[in-house]
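Given the coordinates of chain A, work out where chain B should sit on it, guided by the hints.
There are 2 protein chains.
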Amino acid sequence: MRILIISYDNYDDSEMFYPYYRLLEEDFDVTVASTKSGEISGKHWMKIGVDMDINDVDVNDFDALLLPGGTAPEKLRQEQKPVEVVSMFAKAGKPIASICHGQQLLISAKALVDKKATCYPGIKDDIINAGAIYVDEPVVVCENLVTSRRPQDLPYFMRGFISVLKKQL
Amino acid sequence: MRILIISYDNYDDSEMFYPYYRLLEEDFDVTVASTKSGEISGKHWMKIGVDMDINDVDVNDFDALLLPGGTAPEKLRQEQKPVEVVSMFAKAGKPIASICHGQQLLISAKALVDKKATCYPGIKDDIINAGAIYVDEPVVVCENLVTSRRPQDLPYFMRGFISVLKKQL
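Note that the protein sequences, when read in sequence, are chains A and B.
Note that our numbering has the first sequence beginning at 10, numbered continuously upward.
Note that our numbering has the second sequence beginning at 10, numbered continuously upward.
Bound-form chain A, shown alone (with noise of 0.2 Å):
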């Protein structure tokens, strides 16, 4: 399977490098797009390479994607073309993982409407106006959309999101 990760600095590192190791593990293709080139840092300095610009990002190359947070999120959701990637993902129904403050790139591309859904506590009362239905627990699991709240829940999110690849095999 292919899997898309979009992020820019100031990602969560546990939150970038859990996923994207475990993704790997599972031999999945695994594609790092930013609006950055070269390298992004996450908040402990921890650095991945970009693999692609999100401007040349084709959703159907993708079979599924993944949201890492920290503060990252909120820099690319002011951005046309990550929001439309994200909202491409979802309309197509492919499966989307998000953990944290990734939830906020959903909120912008309107993809939380009607669907159960966790985040970071401090953005719960934006997936609620987002249309989500929100639930704290480590893992939602809502057909394909899978989120988690923070990095402690990596664990459940990994289990959870990998599950719904499984299904698509």
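Hints are supplied without guarantee of correctness; some may be wrong.
Same chains, same names: a pair is fine if it fits in one copy or spans any two.
[Claimed, not checked] Simulated pairs of lysine to any residue, SDA-like, Cα-Cα distance not exceeding 20 Å:
#1 K124 with C151
#2 K90 with L178
#3 K100 with E88
#4 K119 with E152
#5 K90 with D72
#6 K56 with N19
#7 K52 with N19
#8 K52 with P160
I should point out that these hints are in silico values taken from the structure, not numbers from a laboratory.
Below, chain B without anything else, positioned relative to chain A:
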């Protein structure tokens, strides 16, 4: 299964958190032991809570051992108890996973004699001098000993370790 992680300040953050969350994803019990109490910080200042003083560790309480890298192992190998604990896991034939500089503890515990193993390139000569049969692969599984070279090997490392652990069930 009950897995013990032994570390100290300045562990490699990915080599701590990827295995930590990954083992939790498998529903294993994970205990972090150190010579320091409270929290220990990675090279990138990510913090993890210390569950127990290494001086209180009884090897009989655990099924397997995991050693992250960073400069933590070089610090810990200077003390008697961490080396003794590693040595007891090895003598008992319990699964041990060690990555990068974690192998410095295996050297001091004389746990590498006649074992196929890999490590961070900078300590290759040391594991050879300690009796290991050096192999340059992302993961080397030799009976119950699982070794890797660096953070980028983590997907292979944990695939190897979990496969060894599941054989014990």
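A quick look at each hint next to the structure:
no.: 1; hint: K124 with C151; result: within (6 Å within a copy, 47 Å between copies)
no.: 2; hint: K90 with L178; result: neither (28 Å within a copy, 48 Å between copies)
no.: 3; hint: K100 with E88; result: within (19 Å within a copy, 58 Å between copies)
no.: 4; hint: K119 with E152; result: within (16 Å within a copy, 51 Å between copies)
no.: 5; hint: K90 with D72; result: within (18 Å within a copy, 49 Å between copies)
no.: 6; hint: K56 with N19; result: both (10 Å within a copy, 17 Å between copies)
no.: 7; hint: K52 with N19; result: both (4 Å within a copy, 17 Å between copies)
no.: 8; hint: K52 with P160; result: both (13 Å within a copy, 18 Å between copies)
This entry does not satisfy hint 2, going by the numbered hints stated previously; all others are met.
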